[in-house]
Amino acid sequence: MSELLWAEKYRPRSLSEVVNQKEIVERLKRFIAEKSIPHMLFAGPPGTGKTTIAHALAHDLYGENYRQYMLELNASDERKIEVIRTKVKEFARSRVVGEVPFKIVLLDEADNMTSDAQQALRRLMELYSASTRFILTANYPSKIIEPIQSRCAVFRFTSLKREDVVGRLMYICNQEKVVCREKALDIIYDISEGDMRRAINILQAAAALGEVTEDSVYKVVGLAHPREVREMLQLALAGNFVEARRKLRDLMINYGLSGVDIIKQIHREIFSSEVKLPDELRIIIADYAGEIQFRLVEGADDEIQLNAFLARLSLLGKKIKV
Amino acid sequence: MPWIIKYRPKHINDVVNQDEAKQKLINWLKAWEEGKVEKKAILLHGPAGCGKTSLVEAIAKTFKYQLFEMNASDSRRKVDIERIAKAASQTAGIMGRRIILLDEVDGLDPRADAGGVEALIEVIKNTRNPIIMTANNPYQEHLRPLRDVAELVPMKRLSERDVITVLERICKSENLYCEPGALREIAKRSEGDLRSAINDLEAAAALNKKVTLDTVKAVSTYRNRVHAPWEALQKMFNSSYIFQAREAVTSTDLTHDEFITWINEHIPTYYENPEEMWRAYEALSRADIYLGRIVKTQNWDLLSYAIEMMGPGVAFARTAYKYRWKAFKMPEKIKLLAEAKKSREYREALAEVLASRLLTSKAIVKSDVIPYLRVIFTQNPAYAAKIVLGYKLPEELVKWLAGTRAKDVLSYVKKGKK
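Chains R and Z, in that order, give the protein sequences. For the first sequence, my numbering begins at 1 and goes up steadily by one. For the second sequence, my numbering begins at 1 and goes up steadily by one.
It is worth saying that the hints were derived from the structure and are not from the lab. Treat the hints loosely; a few may be bogus.
Label-pair distances were calculated between CB atoms; the ranges are [unchecked claim]:
#1 R/E291 / Z/E345: 49 to 57 angstroms
#2 R/N65 / Z/K296: 39 to 47 angstroms
#3 Z/E348 / R/R268: 41 to 49 angstroms
#4 R/S2 / Z/E348: 19 to 27 angstroms
Far from chain Z, by Cβ distances over 10 angstroms, these chain R residues were calculated [said to hold, decoys possible]:
#5 E8
#6 S14
#7 E90
#8 V97
#9 T114
#10 D116
#11 A117
#12 I145
#13 G194
#14 N254
#15 S258
#16 D279
#17 D287
Remember, it's a predicted structure, so these values are computed and weren't measured experimentally. Every residue gets a Cβ at the ideal spot worked out from N, C-alpha and C, and that includes glycine.
If we strip away everything but chain Z, and leave its shape as in the complex, we get (with noise of 0.2 angstroms):
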């Protein structure tokens, strides 16, 4: 039997390291027994090989749950989910209570699986039991809607403090012999995987019974890991030499457009001399042109000049080294892009219906024009209504003019109509 099989937690008290999630799972588990639970699903997410799986089955194991699994990505099929949806629809019986238990929901292709997430949607509306799914990033944008049924509650990635823990009790309990600096070679190339230290170890286990630094630097290898955009952003600006900044960019499965937006956000997050700011927004703003020229002339070739610049040029903006833990959280501007986008399109569409009847430009329309009709919308709404009804100016636009008195306007038009 393969150890990661052999060794997985039997007992919640063997999960090394994820209190947090653990008890949120424990108290949500005894709020459904309630019947109290705000969200009837949770999503688990943490970076590949930080327990997720492991978590929910010591919880199964420990709580008497029967668990009742299902890889999301496998069940593209309508029967699939028809299965989870009935297991899921029936009340604990004889069988006692169960947990549904939904692995790898980020594996759903939003192309492929056209639909998937609906029915997911579906089935978590109507379930009377408690259901878990994992993922190991829940903001891609397919994801959305998931996200806004279930609690998201988040797993660390592991220390290597923490996965050595492992590492030796397996030794032990394995009767083999291992020198400590093995064991930390194997946790640091882990990077907090603990599946994939597990099969490190066990591979040069079977290679020689007595477990040495060389013959883990002969069986394992760095992997090739996709990062939380968090994690990539942690490694990218604390990376100490260019070939790791430049990696950081590209192991997270965020487009270069999308991941330029947690930079953006976050170089004030990272640097506060304004020196070292300087030089990572001018770095940054290089990349941005770059990607710029590849998508107008389709020269794929300076795609490195763009990552050279987004990574390693933001890294190395610093003037002296120093590891910094920074939280880095989701862009804002995520959001305010779209708001900032429709905003545009209310001042162009107004200023297309103004030119025309003031015979000028949509340019001094804007800023000659609009300025003015701001202040008679914020200032007095009543007069406002009239000229909204002079122009059969819609809705939107009103709002958009008037802002915190588009009530008061609104009102005004409609007893003008009347």
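Chain R extracted, bound-state conformation (with noise of 0.2 angstroms):
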């Protein structure tokens, strides 16, 4: 009587279950043949199979237990380079036994990486390429070093096509027999922009509730992104001080938001047409948005930092009467 989130439940464990990003599967396929692979860069939108594709060639490579034969970092969680050396420093020591003839480092999200930190894993690469192979994975190539991505073989990931998403989807509420509406699957397939893991935790979420229809898919779309940001601002802005820092308590409490999240929400929401304000406005905090993530960066406190923001909000508000 256990369930998994069905974004790991349903993942691809084998190249073969992979539906989608036809001809990257069958490059890889071959070189799972020939047991022999280069560096590569995977390279594409979020929610498009890099990481999985990744974890299901290591499977086919060396089998069940094929974790052990692979490291995986973050960058985006493990941001020093330091970090990242040492780790590949431990694991490329140990020497592999087996028929492949080398380990694999996993590095996701490689492109949010300072290009320092890029050049010195350039040099990883190198010291290394006798045991170990890099895949690299990026949501914007352009932001990954040219002498990397030389070193790499590099796979453009597309964006999934409607039919791949809503088939899948489809497919998961028949194993699950969840009854769902097709036009409630169409209608997550807009709202996750073709991302296959945000489509499937939505369809998790609305099948939680019932039936899937489109009445549920707005439902759960909306519970899981609570408007407290924009409520914030917006109370801030109608010179409503008090109540919009009783908000940012409740965000910082109950959802356990911290400082540089909650001026990260707000950054969007200044750009959204939701909240009406005249451009100049916009500018003028956002400019304002940006100074105060710095000093949280910095270590500033987060409650202090944001009450400044919130009174600044307040007063421009009332000045220019939104």
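Since each chain comes alone in its own frame, lean on the hints to assemble the complex.
Structure representation (structure tokens):
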């Protein structure tokens, strides 16, 4: 009587289960037959299967226990190149037994690394190329420095097509015996912008409410992304600082958001069409948001800095009369 | 005999302007007699020289209690605590009723007298006599256990008028001629500290049988006072000069970080005008930045900038000066901060668990997965319970995810395990 997140449960384990990115899969299968792979860069939008395919590749190469032959790093969680270096060094030192003469380092979201860190990474790739292969993933390949790109076989992942995503969702619904309307799956595709992981998350949450309908999909998305940040901005702009501050505390306590999380969301909201503001004000506010984010990253106090931000909004709102 | 002892109040009516505290104490003692007290001890708090000890003594005299007095800050040794315990545990005998007075409990040093607070709590639990404790600032962290077992009774800082009333009484009984301006000056400099006012009057009288404004100015000095946080805020926000605002910041026994928390809480209490509010917050946020830089670089030279921003910077954010009295309460943030930190840790822990299972970064789990998990946990507890079992999520994470539905989810988890 236990259940997993469907994003995990329905992840393809082997390349043969992957239904899209056909050309890429074909090329990778050839590598497996030869038991030899180059360094690789998987580039493409989120949720198109980069990481999943990297795991499937390793699975097909090493078998069920493939994870012991693979070092998984995520550049957005481990920003320090020193950490990456130590881990790679440690991992590359141990010899591989078996028929595959190398191990794999999977470095996810490599485009989150600074170019200095990438230079260091390049040296690591050269240093350990005898015993390891690197697979890098990136949303924006242009943010990967050229020397790395030139050392890698580059694979461009394309956005998933509507029929691929809807087909997969339909398959899951059948497996899970969930009643769903096709229109609802269409809407899930639109909301998730072709990101399979997000689409499956939405489907599972909607299914938890019962039948998957257009209404239940919208309801789930509304519940998952409360408009707390927007409401806080609107309260502040209306000059109600005290209420805005209460919302801020709510976000920090009930949602566990850090000051940086909140200011980033604010930044998105400032340019949203649903927040009615004159454009010149959006620019002023965005500039100040940037200043606040910088202070927070430097270690300033979340609440004091965000209060200063909200106080400024109250003042600006009063002057312009939004 | 020094005047401060000679003119101690002998009757409760001699105690000036503390009617609320008086009434509370009298009612509480009455409840003790009838065995109906809710808390067996009282923590009487207020600024220095407002008459805490005098009030207790006057009450004892008026209602015929034997006063068993003990200065808590001297009683470090075990034997002293035991002596208090013994006195407290005895029932009223031939010697009559007794009050145990523990003076200056905030003088207990949390490091040097480790265990002192615990020992006092033990005494309070077992006492058969009313215990009254006094403290200037009862909100210090190490006194928290005492705040829980004792009823807090506040005393006001005395006004200039109150101080003058008492000084006039003394002048009359000493047959002393005093210029009215002189008494006013003493009272002003005392800032409500009656003890220091009486000392100053005595010093001036010793110099000259006739107390004039000039003699007062010669003998009495402004003292460096420790203020309770709300008093310091009152002074700071209402200061007319930069130096006053700066002094107010350093006049409490809070750390700068703690005092910033008080200011952060109360900028909107004091300011209503958005322009003033924003200027005040901007100054405070600058102070916060300076303090951060000090921590990072250990460059303590920067401290004066931080103090100037948090004190004068905030106080002079006003567009026009007007004295405003405001109630500055204990900041909510102190409590909320701990909760927010916990919440952030839960989110981080959950992201850690799920990121490796879902082959993605913690950042993606936080933005794309946790929000939908929350929906499931708050909307369908039975289904959520299955996921709890699938990932072996610990109870505190379930509580965090499910909020008010936590009970439902957990009871399904229990059933599911069987």
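Outcome of the hint check:
1. R/E291 / Z/E345: 49 to 57 angstroms: violated, 28 angstroms
2. R/N65 / Z/K296: 39 to 47 angstroms: Distance hint for R/N65, Z/K296 holds at roughly 46 angstroms.
3. Z/E348 / R/R268: 41 to 49 angstroms: Given a distance of about 22 angstroms, which is not inside 41 to 49 angstroms, the answer is violated.
4. R/S2 / Z/E348: 19 to 27 angstroms: holds, 24 angstroms
5. E8: violated, 5 angstroms
6. S14: With a cut-off of 10 angstroms, R/S14 remains clear of chain Z, as the shortest Cβ separation is near 15 angstroms.
7. E90: Given that every Cβ of chain Z is farther than 10 angstroms from that of R/E90, nearest at about 18 angstroms, it holds.
8. V97: Correct as stated: the minimum Cβ-Cβ distance to chain Z is 24 angstroms, above 10 angstroms.
9. T114: Nearest chain Z Cβ is 17 angstroms from R/T114, so the label holds.
10. D116: At roughly 21 angstroms from the nearest Cβ of chain Z, R/D116 sits farther out than 10 angstroms, so the non-interface label holds.
11. A117: holds, 16 angstroms
12. I145: About 21 angstroms separates R/I145 from the closest Cβ of chain Z, which puts it past 10 angstroms; holds.
13. G194: holds, 14 angstroms
14. N254: violated, 7 angstroms
15. S258: violated, 6 angstroms
16. D279: holds, 22 angstroms
17. D287: Check passes; 14 angstroms lies beyond 10 angstroms.
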